[in-house]
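Colleague: Numbered by my numbering, the letters in the sequence shown go through residues 236 to 324 in order.
If you're looking for bench data, these hints aren't it; they were derived computationally from the structure. Here the structure is a predicted model, which is why all the values come from computation and not from measurement. You may find that some hints are simply not true.
Pair ranges (Cβ atoms, derived) [to be verified]:
| hint | residue 1 | residue 2 | range |
| --- | --- | --- | --- |
| 1 | A245 | R298 | 25 to 31 Å |
| 2 | T247 | P297 | 28 to 34 Å |
| 3 | S267 | R310 | 14 to 20 Å |
| 4 | A245 | R310 | 17 to 23 Å |
| 5 | A323 | P297 | 31 to 37 Å |
| 6 | A319 | D296 | 25 to 31 Å |
| 7 | A245 | N300 | 28 to 34 Å |
| 8 | A245 | A301 | 14 to 20 Å |
| 9 | A245 | D296 | 18 to 24 Å |
| 10 | A323 | A245 | 26 to 32 Å |
| 11 | P297 | A245 | 30 to 36 Å |
Heads up, the beta-carbon is just placed ideally off N, CA and C, and yes, glycines get one too.
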Amino acid sequence: CADDVATLPADTGRILAVEAAFWANPSTGRVSMVDALLAYANDVSPSVAAAAKSALAEVDDPRVNAVLQRGLDHRDVGVRTAAAGSIAV
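Whenever a hint applies, use it, and build me the whole structure from the sequences.
Modeller: Have a look at this one:
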């Protein structure tokens, strides 16, 4: 089904990096994983920021609340939805 696909969306690499940060082995660098997710949550690309905000739902870190609350005011509905969903979790 991918025969007609010439290129991937521009943000695909950064979205995959969010996934990698989320699934990182906690014993090898939980702090760097959380730092990466927090940075991606403020990415200029709404799709990257939304993916990171969704992943932050599972993170227990005092910095997460402020990032998610700021996400509720984002201009992009996907980012707002991801932030609200993570807050609900």
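Colleague: Lying within 25 to 31 Å: is that true of the beta-carbon distance A245 to R298?
Modeller: Because 28 Å falls inside the window, the suggested range holds.
Colleague: Could one say that the CB atoms of A245 and D296 fall in the range 18 to 24 Å?
Modeller: Because 29 Å falls outside the window, the suggested range is violated.
Colleague: Between the beta carbons of A323 and A245, is the distance compatible with 26 to 32 Å?
Modeller: Distance hint for A323, A245 holds at roughly 30 Å.
Colleague: Determine whether the Cβ-Cβ distance between A245 and N300 falls within the hinted range of 28 to 34 Å.
Modeller: Since the Cβ atoms of A245 and N300 sit about 30 Å apart, the hinted range of 28 to 34 Å holds.
Colleague: Verify the CB-CB distance for A245 and A301 against the hinted window 14 to 20 Å.
Modeller: 28 Å, violated
Colleague: State, for the Cβ atoms of A319 and D296, whether the hinted interval 25 to 31 Å holds or is violated.
Modeller: 19 Å, violated
Colleague: Using the beta carbons of S267 and R310, state whether their distance is inside 14 to 20 Å or not.
Modeller: 29 Å, violated
Colleague: Does the Cβ pair T247, P297 satisfy 28 to 34 Å?
Modeller: 31 Å, holds
Colleague: Measuring from beta carbon to beta carbon, are P297 and A245 in 30 to 36 Å?
Modeller: Given about 33 Å between the Cβ atoms, the range holds.
Colleague: Is 31 to 37 Å right for how far apart the beta carbons of A323 and P297 are?
Modeller: 19 Å, violated
Colleague: Does the Cβ-Cβ separation between A245 and R310 fall within 17 to 23 Å?
Modeller: 19 Å, holds
Of the numbered hints listed earlier, those contradicted by the structure are 3, 5, 6, 8 and 9.
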